[in-house]
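Trainee: Going line by line, the protein sequences match chains U and H. Residue 16 in the working numbering sits at position 16 of the first sequence; the count goes up by one each step and never skips. Quick note: to get the working numbering, add 62 to the position in the second sequence (first position is 1).
Bear in mind the hints are in silico, worked out from the structure with no lab data behind them. One or more of the hints may lead you astray.
Claimed, not checked - If you only want the chain H side, here are some residues facing chain U, beta carbon under 7 Å, derived:
{"no.": "1", "residue": "L67"}
{"no.": "2", "residue": "A369"}
{"no.": "3", "residue": "M375"}
{"no.": "4", "residue": "R400"}
{"no.": "5", "residue": "L492"}
From the three backbone atoms N, C-alpha and C, an ideal C-beta is built for every residue, glycine too.
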Amino acid sequence: MSANGFDPEAAVDAMAPLLGLTLTPESRAQTIVHLRIAAEQAERLLSVPLDDLAEPAPVFTA
Amino acid sequence: MSAALVEGTAEAIAAAVRSGAVSAREIAQETLNRIEARNGALGAFTEVTAKRALAKADAIDTARVRGENLGPLAGAPFAVKNLFDVEGLTTRAGSKINRDHPPAKADATMITRLEAAGGVLVGALNMGEYAYDFTGRNVHDGPSRNPHDLGHMTGGSSGGSAAAVAGGLVPIALGSDTNGSIRVPSSFCGLFGLKPTYGRLSRVGTFPFVASLDHVGPLARSAGDLALSYDSMLGRDHGDSAQADRPAPAASPTLNDGIAGLRIARLGGYFARSADPSALSAVDTIAGALKADRVVELAQAEQARSAAYLITMVEGAALHFARLRERAQDFDPEVRDRLIAGTMVPGVWAAQAQKFRRQFRATTLALFRDVDILLAPATPCRAPRLEQTTFVLDGREMLVRPNLGLFTQPISFIGLPVVTAPVWTEGQKLPIGVQIIAAPWREDLALRVAWALERDGVVRAPVATLS
């Protein structure tokens, strides 16, 4: 899995209206900055191989 | 009453009140006077609970006359980050939006416990909006200011908590720490800060940020006061579903046991890169004093920080989603745009982060089989200037606000207990902190080490002169 192909600008423009979020031009620009940082973090994280059976940290107890 | 008493420890204040050398009312009144005189410069308090404090102090003095047990914090003032519920006050959590909420009907559990131990609540403290902050800036209330140099940041998001303690207004303040919000301001303001193990202290009556990462804990000018307040706050609270059902031994009884026999190592790799020389030199100082020559690696710490970053974005965005849709203009823009970005993070990234979290926990716990304490920088640098938005680390310019937690995030990611201890360098106005990290549920060991360093004069937390 890779986050390399993720396009923050396209994601913001596509998702904001779908999520019902109205962004000013300033807010759009900063949101793109932060989503770009997120993609960098994801790239680093996704470089770690995880077993299919790896259990997520929070486990619900019924 | 001498300034030395109120600028000293909560332990000393409580001893003086118990002995009758000073009344709880005198301490409370002097504290309120100091808040009045200094808060304008510090931006620490957002609300002062003067009437309540004086009533509580009078009750302590009356109890003393009756010969009752006054508790370990008898008459010691404390204050809380304004995400803690205080009965009768609106819990603003650093925001404008939450000011529309009705006043809290009850105190947060941690306030109830500190008052049961004799503590006197004097008010609520400034913080970064919704705790999504490492700077101490707040667009609604103004910034908290570093008492040791008012042009510099306190760090955040428990910025008011650090300003109040380092500024000599209270000996103990409560903060919260999701990714470093106790440890970063403790580092910048030269304080001892305790982020307990995840699930140790109750969060009931606090406004959340990232449920799977949120902790609460104290900041103080002495490791002894950290232990005293921590002990007073221990105990099961079924209202917090994340709280662990396990024994919670007090830390104070073993505080003086020293460091003999403890296996102490410093963290290398990730924790020795991307830092200003001041941060690494502070670790050298502490490692030298503890004779900790060993260096160990916390494998995949960088990925741990990334995973914590993504979980924070997603959980934070989920918490505030309705508010982002309906009242975006009422957020601090610096916070809002990070939260909006969080709504757009692909779910697979967050799910992978939670899977990696369990794997990283297992790797790290294995490290604790042959080490008791790990040392690491708390922040990559000393406190930046208040208006500073970027800094350079490892030759790369980065945003200040999201990156001051580089070294705290991998540790809280898996809930390890940490005491931040303050190191001062001759000729420098500002301190910098070192993380003393223990295995889960071993707050007692981290506190023991911090206390040994304090007793030997290696670390200290003086009240600022506000010159």
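Trainee: Hint by hint, say whether it matches the structure.
Mentor: Do the hints match the structure? See the list:
no.: 1; hint: L67; verdict: 46 Å, violated
no.: 2; hint: A369; verdict: 5 Å, holds
no.: 3; hint: M375; verdict: 6 Å, holds
no.: 4; hint: R400; verdict: 5 Å, holds
no.: 5; hint: L492; verdict: 27 Å, violated
Hints 1 and 5 from the list above are not met by this structure, while the remaining hints are.
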